[in-house]
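**Student:** This is what each chain is made of:
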Amino acid sequence: MAAFGVGDNRRLAGRGASPGFRFTVYAIVSIVVMVLDQRGGWLNQARYVLQAAAYPLQLAVSSPSAAVAWIRESMQTREALRTENTHLRAQQSALALRTLNYDALARENAQLRGLAKGLPPIAQRWLIAEIVNTELTTLRQRMLINRGTTNGVSAGQTVLDDAGLLGQTIHVGPWSAEVILVTDPEHAVPVQIERTGLRTIAVGAGNEGTLALPYLPANADVKPGDRLITSGLGGVFPAGYPVARVAEVHRDAIQPLAQVRAVPLAHIDSDREVALVWFPDAHPLSSDIQPQPTPAKPAAPTAAPTEAPPAPPPVQAVPPAKAPARAKVKPAPPQDADKEATD
Amino acid sequence: MNARTREPRGRIFLTLLLALFLSVVPLPVWLDAVRPSFMVLGVLYWSISWPHTGGIGLGWIGGLALDVFQGSVLGQHALALALVTYIAVREHQKIRSKPVFQQSLIIMGELFIYEFVVFAIDGWTGHTLSGPLRWVQILTGTLIWPLAAALLGRSHAPR
Numbered sequence: 001m002a003a004f005g006v007g008d009n010r011r012l013a014g015r016g017a018s019p020g021f022r023f024t025v026y027a028i029v030s031i032v033v034m035v036l037d038q039r040g041g042w043l044n045q046a047r048y049v050l051q052a053a054a055y056p057l058q059l060a061v062s063s064p065s066a067a068v069a070w071i072r073e074s075m076q077t078r079e080a081l082r083t084e085n086t087h088l089r090a091q092q093s094a095l096a097l098r099t100l101n102y103d104a105l106a107r108e109n110a111q112l113r114g115l116a117k118g119l120p121p122i123a124q125r126w127l128i129a130e131i132v133n134t135e136l137t138t139l140r141q142r143m144l145i146n147r148g149t150t151n152g153v154s155a156g157q158t159v160l161d162d163a164g165l166l167g168q169t170i171h172v173g174p175w176s177a178e179v180i181l182v183t184d185p186e187h188a189v190p191v192q193i194e195r196t197g198l199r200t201i202a203v204g205a206g207n208e209g210t211l212a213l214p215y216l217p218a219n220a221d222v223k224p225g226d227r228l229i230t231s232g233l234g235g236v237f238p239a240g241y242p243v244a245r246v247a248e249v250h251r252d253a254i255q256p257l258a259q260v261r262a263v264p265l266a267h268i269d270s271d272r273e274v275a276l277v278w279f280p281d282a283h284p285l286s287s288d289i290q291p292q293p294t295p296a297k298p299a300a301p302t303a304a305p306t307e308a309p310p311a312p313p314p315v316q317a318v319p320p321a322k323a324p325a326r327a328k329v330k331p332a333p334p335q336d337a338d339k340e341a342t343d
Numbered sequence: 001m002n003a004r005t006r007e008p009r010g011r012i013f014l015t016l017l018l019a020l021f022l023s024v025v026p027l028p029v030w031l032d033a034v035r036p037s038f039m040v041l042g043v044l045y046w047s048i049s050w051p052h053t054g055g056i057g058l059g060w061i062g063g064l065a066l067d068v069f070q071g072s073v074l075g076q077h078a079l080a081l082a083l084v085t086y087i088a089v090r091e092h093q094k095i096r097s098k099p100v101f102q103q104s105l106i107i108m109g110e111l112f113i114y115e116f117v118v119f120a121i122d123g124w125t126g127h128t129l130s131g132p133l134r135w136v137q138i139l140t141g142t143l144i145w146p147l148a149a150a151l152l153g154r155s156h157a158p159r
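Chains as they are written, first to last, in the numbering used here: chain A, 1 to 343; chain B, 1 to 159.
Just so you know, the hints here were simulated from the structure itself, not pulled from any lab data.
Keep in mind that a hint or two might mislead.
[To be verified] Each computed SDA-like pair below joins lysine to any residue, with the alpha-carbon atoms no more than 20 Å apart: (1) Lys223/A x Pro242/A; (2) Lys94/B x Ile113/B; (3) Lys223/A x Thr210/A; (4) Lys94/B x Gly20/A; (5) Lys94/B x Ser18/A.
Could you put together the complete structure from these sequences and hints?
**Tutor:** Below you can see the structure in the form of C-alpha cells.
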C-alpha cells in the first residue's frame, strides 16, 4: 500500500483492448519473432538495426570502467612510462627478429613441400579493436568490441590477442560486434595437440576461464603442459594458432573418456585490445574449389592439396574439403603430414 | 481525462533505461550471480501503479531490449515480461491494496514465472547450460522489491 502513489483507478476498459487480448497479441508476436530468429536468421536485418541502436547505451555502460582505466593511465609516472617504453622496445626488436626467422622458416617449409606457389599469406589484414564491454559469467562468455560492418567485420571472424585465440564474432552491428569467447560454454573450437598432432575439440567451460576436452579417450596421449593449437577443421579458424595449454588430465578407471582441462593462452580477463584477422580464404569452399577450374598443370594437386572431389583420398573422407591449405605454415605435426601424403 | 495528463511517461522511460543499465553493467562474478532482474521489478512497479501507461506493451519492449543487450533469442525475455506484466495489470488493484510484505510475496511469484519462462525457452532453443544459480535472482529480486518500490514511489507520489 504504502509503496504506491496515487496511480489511477479507472477501469482498464476505458482505453484500448483488454489486457488479455493485448497479451495474446504480444505473445504471438514474441513466438513468431523467436521462431524466425532461431531458424535461418531471418531477423538478421532487424538485429543489425537493434544492435546499432543499443550501442550508445553499451558505451555508456562501459564508461565508468573506461574512466577508471583512463585515470589510472594518466596518473602513471614518467618513470613507469619510461620503463614500459624500454621494455616494449626490447620486445619489439625481439619480435622483429622472430618474424624474420619465421619468414625464412615458412619459405623453407614451403620449398620442402614443393608448395612455394600455393603458400598463402598468413593474414591478409589486421584490425585492432577495443573491448567495450565484457560479460564473463558461467553461462555466457562474451565481449563487445568497437568495430562493426562499417570496418568490414563480418560474422564468424577470428579474434585473437597477442597470446592466442580469443574467439569469433557472432552478432555484428554497424559499429560494434559481439565476440563469443573460446571459454563460452556454447563455443567449441577444433584443436590439435601440438606435441602429438592428435585432433580433438575444445569446448568452453564457462566461468572458470577454462576449456574442456571432452572427447579424448582415456588412453589418449595428452599430459599437462601440452599446447593446443587450432586444427583448422571446420573452416572457421585458420590452422596453427595457439589456443590453450593443458592444465590437468584426470583419468578415471570407470570412465571411458579422459577428463582434460585446459587454460586459454589469451589473456581473456585483462585484455583491452584485440585483433580481428582476415585470411585470404575465410571460407574453405570458395577458395579451395576455385583453383580447380584453372588449366590442369601438373603441379595443381600439390598446389591446392585440399581439393577433394577428383580423387577422393582413402583415409580422410570427411575433413579434406575443410582441412585448410594454411596448415602448411606451421611445422607440420605428423598427422597432417599423413594427410598431405594421401592427397 | 484532462486531469490525467500527468502520466509519468518520462519517469517510466527513465526507469526502463536505468533498469537496462543495471542489468548489463559489468559486475564482479559473485555479485553478478545474485543480480536481480531490475527490468522485471521496474516494469512491474509501473504496471501495477499505472496499468494504462505501463503495462504489457511496456513489458514487451523492455524484454526486447534485454534480448538485444544480452544476445538471447529475440522475443525470449519479451514474452516472459509480457506474461508477468499481463498478470500484474489484471490484478493491479488487488496487488496495490496489499501491504508491502505480501506484495513482495506476489512479486516473488511473478519473478518465478518470469524465470521459468526464460528457462523453458532456453531449453527449447538449445541453451540448456545453466546452473541452479539462476534461481537465486528470484530471491534477491524479492528482497529488493520493497526498496525499489519505495524509491520509485517517491519519484511520483504527491507530497
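**Student:** Does Lys223/A pair with Thr210/A here, judged by a C-alpha cut-off of 20 Å?
**Tutor:** Satisfied, since the Cα-Cα distance of roughly 16 Å is no more than 20 Å.
**Student:** Holds or violated: are the alpha carbons of Lys223/A and Pro242/A at most 20 Å from each other?
**Tutor:** Holds - the C-alpha atoms of Pro242/A and Lys223/A are around 17 Å apart, at most 20 Å.
**Student:** Lys94/B and Gly20/A: Cα distance at most 20 Å?
**Tutor:** holds (17 Å)
**Student:** Quick one, are Lys94/B and Ser18/A close enough, alpha carbons at most 20 Å?
**Tutor:** holds (18 Å)
**Student:** When you check the alpha-carbon spacing of Lys94/B and Ile113/B, does it fall within 20 Å?
**Tutor:** holds (18 Å)
When the structure is compared with the earlier hints, no violation turns up for any of them.
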